[in-house]
Structures are given as C-alpha cells and as structure tokens.
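Chemist: So the sequences go chain by chain: A and B.
Take the first sequence: its letters are residues 1 to 111, numbered as in the numbering used here.
Take the second sequence: its letters are residues 1 to 114, numbered as in the numbering used here.
Honestly, the hints are just simulated from the structure, not real lab data.
Fair warning: there could be bad hints in the mix.
[To be verified] Covered stretches of chain B, as calculated for chain A (at least 3 residues, CB under 8 Å):
1) 44–58
2) 73–81
3) 102–114
Where a beta carbon is used, it is the ideal one built from N, C-alpha and C, also for glycine.
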Amino acid sequence: SQQGEEDPQALSIQEGENATMNCSYKTSINNLQWYRQNSGRGLVHLILIRSNEREKHSGRLRVTLDTSKKSSSLLITASRAADTASYFCATDTGANSKLTFGKGITLSVRP
Amino acid sequence: GAGVSQSPSNKVTEKGKDVELRCDPISGHTALYWYRQRLGQGLEFLIYFQGNSAPDKSGLPSDRFSAERTGESVSTLTIQRTQQEDSAVYLCASSFIPLGGGYTFGSGTRLTVV
C-alpha cells in the first residue's frame, strides 16, 4: 500500500519558474525523503528531512515538513530543463524500517 | 564499487521460465532493498535485508518470488515460472543503517516476459 501520495500527478512549467510538489502521508514517520528519477531507471536521493525538522535547504531545493498535517512540500527554485524528471516522496517509521514510496510526480520544464 | 550495481540491465524471457536478478550493494551498506516498478507507476516494495536479521519479505507478491543475500554482500532476486505481469523494472537499493540516510539505487533490471 502507498504511504505517501504526491500531488499534482503531473506538473508542467516554464524554465526559470519555481516548481512546488506536495506529498501527504498517513501514519507517523521518522524521516521523509525526496527522490528524483530520470528515464524510469534508478532513483537519486535529493534530500532527507527528519520528523523533528520543519524546513531544509539544499541548493535550489527547499523541503518543508508539517507533521500535524502529515504533509511535505518540495520546492525547486529557478527550474531548468534538466530538472525534468519524476519526483517521489518516501517515508520510513524508524531507523530499521523500509522506505515506502508514493506514486510520483512527473515534472516537465519547458525550455 | 562506488555505486549499487545490478545485472543484467535488461532481460527478456519467455513466460514460464525462471530468472535471476543480481544486486551488488555499496560495500559497508548493511541494508539492502528490492523494489519493483511497473511502467508509469510508483515503487512497490518487495523485500528488505538488514544485517543478520531475518529479512522482511512482506512485499513479495507470490511464492514464485524469492531473494537471498549472503552476509552484507550480493543479493539475488529469483522469479520462478515468470508471468507477463512480472514485466517491470526491478530496482535494488542499499543504505547504511542506523544513520537513516538516503538510499543509493542501482540502475535497475528491466524484465520483459514475452
């Protein structure tokens, strides 16, 4: 079963615009992570936010976490065509638990 | 090696045949995971190995699926009597527990059952 649910399912923006993707989950979590996938192959880890954190930055990425609403958002600023990919949120419930992934968001950045 | 290595990268097999997929995790990573991803879908958890603990097999879809891992090294995922619905990309990932960091994924094996 899916723990994380991302929305929108698909997002198309112009290069230079910001992209905001949301993820909601159902049960209490330990960590929430965002991954990027190009061309249906291996996923690349982008950023991890712990349940006691509210916001985290990494380069052009900003992640927020609201545990009261069981939701997270991923913001990509000043998007580039190379950001075109599928983005997944994933959650775990403890240090020794597996990650459960959402269905993903397809982001298209038009040059 | 520097990353997670999976082989083969592509496999086409006839319905009813057995296939074996291999994953070489990053050296020192104690945790290893197998996921399945059907075309245009999210990742479906299959099985999780953590050190010497009993593996979490709760995601295996049927008894045709099995996986083994020797210590903290190579893992093989075996699918017996393959069916067309087994066609998917099979992704392996490893991580170092208990830092709780991100997973490192391999490039996957694209399995096509004809």
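Chemist: Three residues or more, CB to CB closer than 8 Å: is that satisfied between the region 44–58 of chain B and chain A?
Modeler: Our answer is that it holds, as 5 residues pass the Cβ test (under 8 Å) against chain A, meeting three.
Chemist: Quick one: see if chain A covers the region 73–81 of chain B, three-plus residues with Cβ-Cβ under 8 Å.
Modeler: violated (count 0)
Chemist: Verify this for me: three or more residues of the region 102–114 of chain B with a beta carbon less than 8 Å from a beta carbon of chain A.
Modeler: That given contact holds, which follows from 7 residues of the region 102–114 of chain B lying within Cβ reach (below 8 Å) of chain A.
Violated hint for the displayed structure: number 2, the only one.
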